[in-house]
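There are 2 protein chains.
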Amino acid sequence: MHFSLDRHHPTPLVQQLSEQLQAWIEQQRLRPGARLPSIRALAKAQGVSASCVIEAYDRLVAGGWLEARHGAGFFVATRQAGAQREVGESWGEATDGRWRQFREDQAALLKLGCGWLPVAWRAEAELAQAIRQVSRGAAEALFDYCPPQGLASLRLQLHKGLVRRDIAAEPERIITTQGASHALDLLVRTLLVPGDTVLVERPGYYNLYNLLRLHGVRMLEVPRGASGPDLVALEQLLAAHRPRCLFINSLYQNPTGTSLTPKVAYRLLELAREHDLRIIEDDLYADFQDGPATRLATLDSEQRVIYLGSLSKTLSSSLRVGYLVAEPALVARLAELKMVSGIGTSRFAEQVVGQMLANGSYRKSVQRLRTRLGQHMAKVLGQLEANGWEVFCEPSGGMFVWARVPGRDFAELDALALANGVLLTPGSAFDPQGRASDWLRINVAYGQDVRAQAFFQHAGRPPAA
Amino acid sequence: MHFSLDRHHPTPLVQQLSEQLQAWIEQQRLRPGARLPSIRALAKAQGVSASCVIEAYDRLVAGGWLEARHGAGFFVATRQAGAQREVGESWGEATDGRWRQFREDQAALLKLGCGWLPVAWRAEAELAQAIRQVSRGAAEALFDYCPPQGLASLRLQLHKGLVRRDIAAEPERIITTQGASHALDLLVRTLLVPGDTVLVERPGYYNLYNLLRLHGVRMLEVPRGASGPDLVALEQLLAAHRPRCLFINSLYQNPTGTSLTPKVAYRLLELAREHDLRIIEDDLYADFQDGPATRLATLDSEQRVIYLGSLSKTLSSSLRVGYLVAEPALVARLAELKMVSGIGTSRFAEQVVGQMLANGSYRKSVQRLRTRLGQHMAKVLGQLEANGWEVFCEPSGGMFVWARVPGRDFAELDALALANGVLLTPGSAFDPQGRASDWLRINVAYGQDVRAQAFFQHAGRPPAA
Numbered sequence: 041m042h043f044s045l046d047r048h049h050p051t052p053l054v055q056q057l058s059e060q061l062q063a064w065i066e067q068q069r070l071r072p073g074a075r076l077p078s079i080r081a082l083a084k085a086q087g088v089s090a091s092c093v094i095e096a097y098d099r100l101v102a103g104g105w106l107e108a109r110h111g112a113g114f115f116v117a118t119r120q121a122g123a124q125r126e127v128g129e130s131w132g133e134a135t136d137g138r139w140r141q142f143r144e145d146q147a148a149l150l151k152l153g154c155g156w157l158p159v160a161w162r163a164e165a166e167l168a169q170a171i172r173q174v175s176r177g178a179a180e181a182l183f184d185y186c187p188p189q190g191l192a193s194l195r196l197q198l199h200k201g202l203v204r205r206d207i208a209a210e211p212e213r214i215i216t217t218q219g220a221s222h223a224l225d226l227l228v229r230t231l232l233v234p235g236d237t238v239l240v241e242r243p244g245y246y247n248l249y250n251l252l253r254l255h256g257v258r259m260l261e262v263p264r265g266a267s268g269p270d271l272v273a274l275e276q277l278l279a280a281h282r283p284r285c286l287f288i289n290s291l292y293q294n295p296t297g298t299s300l301t302p303k304v305a306y307r308l309l310e311l312a313r314e315h316d317l318r319i320i321e322d323d324l325y326a327d328f329q330d331g332p333a334t335r336l337a338t339l340d341s342e343q344r345v346i347y348l349g350s351l352s353k354t355l356s357s358s359l360r361v362g363y364l365v366a367e368p369a370l371v372a373r374l375a376e377l378k379m380v381s382g383i384g385t386s387r388f389a390e391q392v393v394g395q396m397l398a399n400g401s402y403r404k405s406v407q408r409l410r411t412r413l414g415q416h417m418a419k420v421l422g423q424l425e426a427n428g429w430e431v432f433c434e435p436s437g438g439m440f441v442w443a444r445v446p447g448r449d450f451a452e453l454d455a456l457a458l459a460n461g462v463l464l465t466p467g468s469a470f471d472p473q474g475r476a477s478d479w480l481r482i483n484v485a486y487g488q489d490v491r492a493q494a495f496f497q498h499a500g501r502p503p504a505a
Numbered sequence: 041m042h043f044s045l046d047r048h049h050p051t052p053l054v055q056q057l058s059e060q061l062q063a064w065i066e067q068q069r070l071r072p073g074a075r076l077p078s079i080r081a082l083a084k085a086q087g088v089s090a091s092c093v094i095e096a097y098d099r100l101v102a103g104g105w106l107e108a109r110h111g112a113g114f115f116v117a118t119r120q121a122g123a124q125r126e127v128g129e130s131w132g133e134a135t136d137g138r139w140r141q142f143r144e145d146q147a148a149l150l151k152l153g154c155g156w157l158p159v160a161w162r163a164e165a166e167l168a169q170a171i172r173q174v175s176r177g178a179a180e181a182l183f184d185y186c187p188p189q190g191l192a193s194l195r196l197q198l199h200k201g202l203v204r205r206d207i208a209a210e211p212e213r214i215i216t217t218q219g220a221s222h223a224l225d226l227l228v229r230t231l232l233v234p235g236d237t238v239l240v241e242r243p244g245y246y247n248l249y250n251l252l253r254l255h256g257v258r259m260l261e262v263p264r265g266a267s268g269p270d271l272v273a274l275e276q277l278l279a280a281h282r283p284r285c286l287f288i289n290s291l292y293q294n295p296t297g298t299s300l301t302p303k304v305a306y307r308l309l310e311l312a313r314e315h316d317l318r319i320i321e322d323d324l325y326a327d328f329q330d331g332p333a334t335r336l337a338t339l340d341s342e343q344r345v346i347y348l349g350s351l352s353k354t355l356s357s358s359l360r361v362g363y364l365v366a367e368p369a370l371v372a373r374l375a376e377l378k379m380v381s382g383i384g385t386s387r388f389a390e391q392v393v394g395q396m397l398a399n400g401s402y403r404k405s406v407q408r409l410r411t412r413l414g415q416h417m418a419k420v421l422g423q424l425e426a427n428g429w430e431v432f433c434e435p436s437g438g439m440f441v442w443a444r445v446p447g448r449d450f451a452e453l454d455a456l457a458l459a460n461g462v463l464l465t466p467g468s469a470f471d472p473q474g475r476a477s478d479w480l481r482i483n484v485a486y487g488q489d490v491r492a493q494a495f496f497q498h499a500g501r502p503p504a505a
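Chains as they are written, first to last, in the numbering used here: chain A, 41 to 505; chain B, 41 to 505.
Since the hints were made in silico from the structure, they are not lab data.
All values reported here derive from a predicted model rather than from experimental measurement.
Each hint should be verified, as a subset may be incorrect.
Quick list of in silico lysine-lysine cross-link-like pairs, DSSO-like style, CA-CA up to 30 Å [said to hold, decoys possible]:
#, chain 1, residue 1, chain 2, residue 2
1, A, K419, A, K404
2, B, K419, B, K151
3, B, K404, A, K200
4, B, K419, B, K404
5, A, K84, B, K84
6, B, K419, B, K200
Among chain B residues calculated to face chain A with C-beta under 7 Å, some are [unchecked claim]:
#, residue
7, E95
8, V101
9, G104
10, S175
11, F183
12, S221
13, N250
14, V380
15, I383
16, R387
17, F388
Cβ coordinates follow ideal geometry from the N, Cα and C atoms, glycine included.
So that you can see chain A by itself, here it is in the shape it has in the complex (with noise of 0.2 Å):
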């Protein structure tokens, strides 16, 4: 076995290796079952060091294509990624493929589904600056806890921007969390018990259907349209089920791009309050959008509703910053939580971010992205519709488009844009029970890549000329 690694290739030794090595198992140079080299030996034959290669196999286990069986080594895969596997428990191994556009081993796959905007977007030069910026400062954002609320100037930072939304939340009204789906995960914890009913939209976010499933919490389903979810069947649930709460995202669905009208908020707020049910709004494409916009937080005026942001998808997903606006009473027994869980998150980051809010640097920056989105989301409308593509309903901003090729099942989809480099999330990921969908959740954000167009061209069936 020997691969030919170039040093001086910009790609890391790390990479070449490992994608030689599952190449060769793609290519069944290497069954399944086939016992690996000993690191010390690849590392001799290749004349790379045994980090190299630790971390080359490291990355194909973590990608299912090797086993490590302790003591004996490195193997093939038997089962292998990409191969139908057998489901696990009920929350699952990572099973399916939901997690596969956050493995490392996947990087020179253009990921069109993902979640998130590419590097080359963001803010780079300001966010490294307020780092550098914050490194020097006060010793204790590098080395301190956090309370349990989250950095007082934070907070307030958060609150002068909420007020710009005409949401009410005072300072004290509101608790940091890891994003918004740490922010979910609080929620779902202290509000509910395995057994309890709640609403969830069809399609919606994944992960919260993984989070709810976890916890033995039962989704009833309410189909989003156009413009929200779809209100008779929502009152039909309300009546017959007496769900405790309903997550929805007001602004850019995910993974619809749909928004709500304000007829549909109002109506919302009325069967709320007519059958007492508590609204987790999860808003965390919110600085995607500038003006005026329906939110049911700034409607709002019982305390209904329960508001979550996040800066993970504006500014960096690395760091970790979301948040949450609820009751006093509601975000002390957040607060206990988090600490019990995890005491608190991280005090730099709040610092960090804090200090891009404080000095107009994030604000800049969200504009800029704004702008180039909605170029993209344009484009990418006209490319579709020309590929004879169908388009769920064209969203009025954000990141995503919900669209399908009539006629083309997932696989199909799936198998096209493999041959042209391009990883998809599937469709069956944004429904509750995992049922196989021809839907895909397209991130305009991707979609002038090469490898992109030549996907919506070759899966399309543009009308005949």
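Chain A is fixed; fit chain B onto it per the hints.
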């Protein structure tokens, strides 16, 4: 109401204002239930910004001195900090003193009972440099999500460190967490269901007790002695209750500072085998020790021990980086939960820590800490003895001494401490049932501060000359 604020004083205006407001409340110049001036009015009267007043009020709300009533303003709390509060939900609403070390408003007091090192002891130059290096490196570290098991480069460094501790932990057996408490949370949620029975040490880590109580897990208490858990009591509990697992600190136990002897460790593993018990070894003080030490994970040949580590105590509590070692199948389930409950850890923080582990700056900084801690431990032990304190067991290292003054209860010690500007952590916090205790956890790193010295002397009962 007017406060004299000094713009030229190094204490920030917010802190000056909040401290003076707190003093007014303490002196009952502002009575419980009294309404505070509006933010605008106080800002105008004092010639400060509205955000300064907001932050001061906010700190006092967080400290329990004020209450915010929605739409009506701020009021002096009717039940104030320090006074006896009602017990809330079963898992509490921070009703005891557990989180008082984390409050921003207690910054003026010496936290003699806290669980971390002073900022001045930390490797500020080294950490700041690593942060700046990462900020100038690949943009992925600033922006991208982290892979489910944690950054491969960090896990490789952790693996190397574990090899030096004679613990066989290949990178695929390691998963990163946001500190050891987060690791405990992932484990409890994955391994235990409500109604399960587990073994904990008494006294022990209060946040573990909170976590188990929150999860509905029943705790059996094993007394901790000078050489480890009481094996006679342990064997009886194992025979009578068949608990699922044991949570233990082998080294420099929190709060007693005691370490396992080899004899106790061997017998513990024998008992674990006989009774099919899993052991969760929280070794977060590992790096405070150099040279041979007795660890269960080192001796374990059956993968019975799940091993936890953290960088919070030795490097930074702000970055939130810890890890856990277990068999790959369990690691896969933990990784799934880690993603579902928060989409993973901070890539930035893991890159920074990985870099300091790789370039040797972490190793050098903990060598300095060990030397300094050893000197402080020796001094504090001598001073406690000279002042007639009783020490549970002289620790061979680490941060903690478990001590008391014969004849003085906690209320008496707490009053003496506050009179000397010292904030204690009550011994009751380290009891699984919160029973009153006259023992105190003393963090030796703070022992040479004049306030600690005065407290040791005033609270002690020196033997008659």
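Hints, verified against the model:
Proximity of K419 (chain A) to K404 (chain A) is assessed by CA-CA distance (about 23 Å); at most 30 Å being required, the pair is judged to hold. For the hint pairing K419 (chain B) with K151 (chain B), the CA-to-CA distance comes to about 18 Å; that is within 30 Å, so the pair holds. About 43 Å separates the Cα atoms of K404 (chain B) and K200 (chain A), which puts this hinted pair outside 30 Å; it is violated. Distance restraint check for K419 (chain B) and K404 (chain B): the Cα-Cα separation of roughly 23 Å lies within the 30 Å cut-off, and the hinted pair is therefore satisfied.
Taking the CA atoms of K84 (chain A) and K84 (chain B), the gap is near 74 Å; set against the 30 Å cutoff, the hint is violated. Under the criterion of a C-alpha separation no larger than 30 Å, the hint pairing K419 (chain B) with K200 (chain B) is inconsistent with the structure, at around 34 Å. For E95 (chain B), the suggested interface contact is upheld, since its CB lies about 6 Å from the closest CB of chain A, less than 7 Å. Residue-level restraint check for V101 (chain B) holds (minimum Cβ-Cβ distance to chain A is 5 Å; threshold 7 Å).
Restraint check, G104 (chain B) versus chain A: the minimum CB separation of about 10 Å is more than 7 Å; hint violated. The beta carbon of S175 (chain B) is positioned within 7 Å of a beta carbon in chain A (closest approach about 4 Å), and the interface hint is therefore held. Taking 7 Å as the C-beta contact cut-off toward chain A, the hint placing F183 (chain B) at the interface holds, the least distance being around 5 Å. About 5 Å separates the beta-carbon of S221 (chain B) from the nearest beta-carbon of chain A, less than 7 Å, and the hint is met.
Because the closest C-beta pair between N250 (chain B) and chain A is about 4 Å apart, less than 7 Å, the hint holds. Interface hint status for V380 (chain B): upheld, as the beta-carbon distance to the closest one in chain A is roughly 4 Å, under 7 Å. Taken as an interface hint, I383 (chain B) checks out: its beta carbon lies about 5 Å from the nearest beta carbon of chain A, inside 7 Å. For R387 (chain B), the suggested interface contact is upheld, since its CB lies about 4 Å from the closest CB of chain A, less than 7 Å.
Given hint, F388 (chain B) at the interface with chain A, holds; its Cβ is 5 Å from that chain's nearest Cβ, closer than 7 Å.
Hints 3, 5, 6, 9, counting from the list given before, are not met by this structure.
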